[in-house]
Amino acid sequence: MDISRRLFIKTTAVALATAAAGGSLTALTGCAAQGDSQGGASSSGGETTTYSAVCRFCGCGCGVLCEARDGRLISVTGDPDNQSNRGLNCVKGYYLAKILYGEDRLTTPLIRDDASTKGTPDGLREASWEEALDLVASKLRETWKADKTRLAFWGSGQQPITEGYLTAKFWKAGLLSNNIDPNARLCMASAVVGFMNVFQTDEPAGCYDDIDQADAFITWGANMAEAHPMLYSRLTARKLSGNVRHYDLGTIRTRTSASADKTLIFRPGTDLAITNCIANYLVSNKLYDEQFVNDHCQFKAGTENIGNAYEDDYDATEPGNTVDAVHGISFEEYAERLSAYTFEYTSELSGVPVADLQELAAVFAEPGTKIMSLWTMGVNQHNRGTWMNHNIYNIHLLSGKIAQPGNGPFSLTGQPSACGTAREVGTFSHRLPADLLVANAQHRRYTEAIWNLPDGYLDAIQKPGFHTVKIFREMSKGNMDFIWSAHNNWAQSMPNLTRFLGYSDEYRGIYDTFVVVNEVYPTITTEYADVVFPVAMWVEREGQFGNGERRTAVFEKAVDPPGDARWDVWVLLQVARRVLDGEAIDGQDAFNRLFGFVYDKEADDFVGDQREINRRIWEEYRVFSNPTMNERAAAINADTGGTFGATLKMEAKQLAPYDEYLKHHGLTWPVREVNGEWLPTRWRFADGPQEEGFDQYGVAQYGTAGKAAGLDFYKSTDHKPSVVFRPYEPPAEEPNEEYPFWFCTGRLLEHWHTGTMTRRVPELDRALPEALLNMNPEDCARLGIADGDMVRVTSHHGSFEIKASTAGRTEPPTGVTFAPFFAEETLVNLAVHDYYCPLSKEPDYKKTCVRIEKA
Amino acid sequence: MVISSLVVEVMPEHVHDARIKLEELEGVEVHSVHENRLVVTIEAKTVDDSHDIASSFIHIPGVYGVNLVYANFEDDPTLLPHDQAIATSNGGEHEQ
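So the protein lines, in turn, are chains A and B. Letter by letter, the first sequence follows residues 1 to 855 in this note's numbering. Letter by letter, the second sequence follows residues 1 to 96 in this note's numbering.
Please keep in mind that the hints were generated in silico from the structure rather than gathered at the bench. The reader is advised that the hints may include incorrect statements.
Here are some of the chain A residues that sit facing chain B, going by a computed Cβ distance under 10 Å [stated by the list, open to error]: (1) 9; (2) 12; (3) 75; (4) 76; (5) 91; (6) 240; (7) 244; (8) 320.
Yeah, the Cβ is synthetic: ideal placement off N, Cα and C, and Gly gets one too.
The following block holds chain B by itself, in its conformation from the complex:
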């Protein structure tokens, strides 16, 4: 699982609704709100999926800034060295 965290900036009047929209997304959690800045994590299978989800935030009304803070991709099967990637695809020990 790729785990990443972001600070999502939202127009002040949209903070409440944007938070609800974000939490509806699979793998997305909103942990706290600092004025108009939301602390968000994404858990997804790959970096590509994580980027996909993060990029979709901009379409939520009121969202004007999507800032990546941290991304851990040690478990992204598409980023493993070739021999380990084969092990993973065979149901190897890198599952989870």
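Next comes chain A alone, as it looks inside the complex:
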């Protein structure tokens, strides 16, 4: 690098950081190395091109600008125009580019000829695309024609929106199969069912801006300092601004506890009782917000004593098939049910001192105090995960601290597009796009209208398909013939791997299932694959992510994928073209009917470049939230014929034209067109000027102004969210003589996504090279285990060896242990049970009971 170039780069670096520190970064856009990236890529100085993108490393969804030269990325910059992060990235940003350039990137299709080599690094040979596609398509078609229940697609919160949308369309409309589910089932399903049950619409009312205005933060089983560093930095900054409190609740002490004002360590599972205790305090002392409750809340109770999915047929039996049932109750009945949750009872159950519970409850009774609750996996990966989501909303609804700036229960997400792709697109076994359900006739009619299908065509899929655990339980029993996964690593991230990877003679199904994997690097899952499709990664193609604050953002294609790696959409359409060959819908060629708008079957090519293909897919998807774009859909949305007795209010998730996202570097939905401008919404259901981020047009169209706190929950039944009483019920397993310890697993800062990408980066791997079992020193002393000793961890389900540590990243209390799940050589999920929340079907990764012995 010559001196003038070096000086230029350093000047740029200082200028950008200075602007970010002073909060005036937006004014600098267009200066120095960054071109004006409005409307897409831009060139600067003739030699480099800058593209807008979104970080892919966690659920925060931070904007980033990528500069490329000669087909390689040469710099990254926090995107000042993306309002989720305003120009700041965390240190993981250093690796955004490097992760593309690992030496073992997959660049050629691979085929396994001998299934007995599964589970080893050997047995895969290179193949042509033609051979690999023909093989996969023939296996899929054969299975499809023989028995549709024996095939499945397992997607990802790493998939861009348009890819997830097209996959769902192929599976649901093309194959008429609901056996499609995302890895978001493992992280966000409890949050989703909680949202649907309480509000009848998915995703939070508030946004990240709430962090800058809250007076008190409560983290519920969430190690934000490691899992959401950018947001935690913002939380810490807010705390410094004055009299702001932070209560951290969890089963272990973490880096997040280190900076909290108070940490409340509770016995696993008793968070249900703690939330009910707070509700009981508010209700029994009449310290709730009476006007808010009168205007906005309805009260319910549901099926209780629901047990756990110990047996594979749980969902079909009592009480498994009645877990969703609820019925209305009076406020007095709700109060009566809460009354058992006194401070004394809750303290005894949870182990949290009475005084701490009282202090926390009292915060909710302070009228002017703005409270933000934040949670992720501790709440969601819980055998009563949906109930726990309910209970957090309950206390925010009772206290009226919701959907207003600084006030909000906020469900954090774990992956960059868990919201955008898995939830909004509906790549779940029970969903259609935009919150719609396969089981609802009006929803099916609406989808048929947009997909140009005959009325009633989707009645074939009115019954939900297999959820994730079901897919793999069935696979292990030899009941699946074809499983295709994309951008996930299920052979490491699924619980109960002893069963699913065929370690026991009873469950050897994985060896008989034809496994197809779209991947960028070798993983444990590719070791079980019959075919591996090498695909483009991150900015090697154009895509979109939707983050946890409802922000949709486009990442542009900046460089080409390596070798023969191809765009997932191309792979999907190649398989779809072969599988649907000779099939018809309403007398028309099925492939052309579904995908002709993006792919020319005769020419065997896309009908435009990647920008155009993404735009076309988006514009079709966008009709779901803009019913006026399709006459048939508009009539169903408004229920003009009175057939359904309800309007759909699809505009509640309104999305903007594709190019608006490029122009604005991301927009939070609902996005409203006002005088030709598309304006985002930061606070859903809150009446106020749209220009300031309030939901002015949503409330005007479907709600009433002038109710408590200026809110109208217009998507909720009767415009009233549901406060559902959910009791404490014990975890699926509790420690006993044979298995005396709790084992909890989770994520640490340096590694995400089971290490498939981050462990390719030597520095990240060096920072946290091996998974350690964090133990309490007293437990170690009692068992004669010294720091650094190898131990064997054994559950009822399986076992693994790991090094014990008393000085690890987390500090468990006695009786509790923790290890992260990123290390493929330390497969903790061999021992983790696969019991799930009966409502959301999300497994509880946090409460397996184990014994620990010196190895």
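With chain A fixed as given, assemble chain B onto it according to the hints.
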């Protein structure tokens, strides 16, 4: 040389001392202070080294936020295409 810039957030009472600690680190410069936010650059040979240095900031008393703003790695020898990497290792023109 990989050049990157960051905004380092520090508890107000620690700003003075943290600045001194940061400037003691090789390749690290503090350019300005905006209330409790420090504008910092790192110059290091590779992205890995840069990340290493940036990650160490969190251990300086009072530092609570380490935010990456810009990273230019066009000269990182570990990120060059394979043929150019060989040229570099042979003392080729990509030195500096």
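So, going through the hints one by one against the coordinates:
1. 9: Holds - the Cβ of residue 9 (chain A) comes within 10 Å of chain B, reaching about 5 Å at its closest.
2. 12: Check passed: Cβ of residue 12 (chain A) comes within 7 Å of chain B, closer than 10 Å.
3. 75: 4 Å, holds
4. 76: 5 Å, holds
5. 91: With a closest approach of 5 Å, the residue 91 (chain A) hint holds.
6. 240: Holds, about 7 Å.
7. 244: Nearest chain B Cβ about 14 Å off; hint violated.
8. 320: 46 Å, violated
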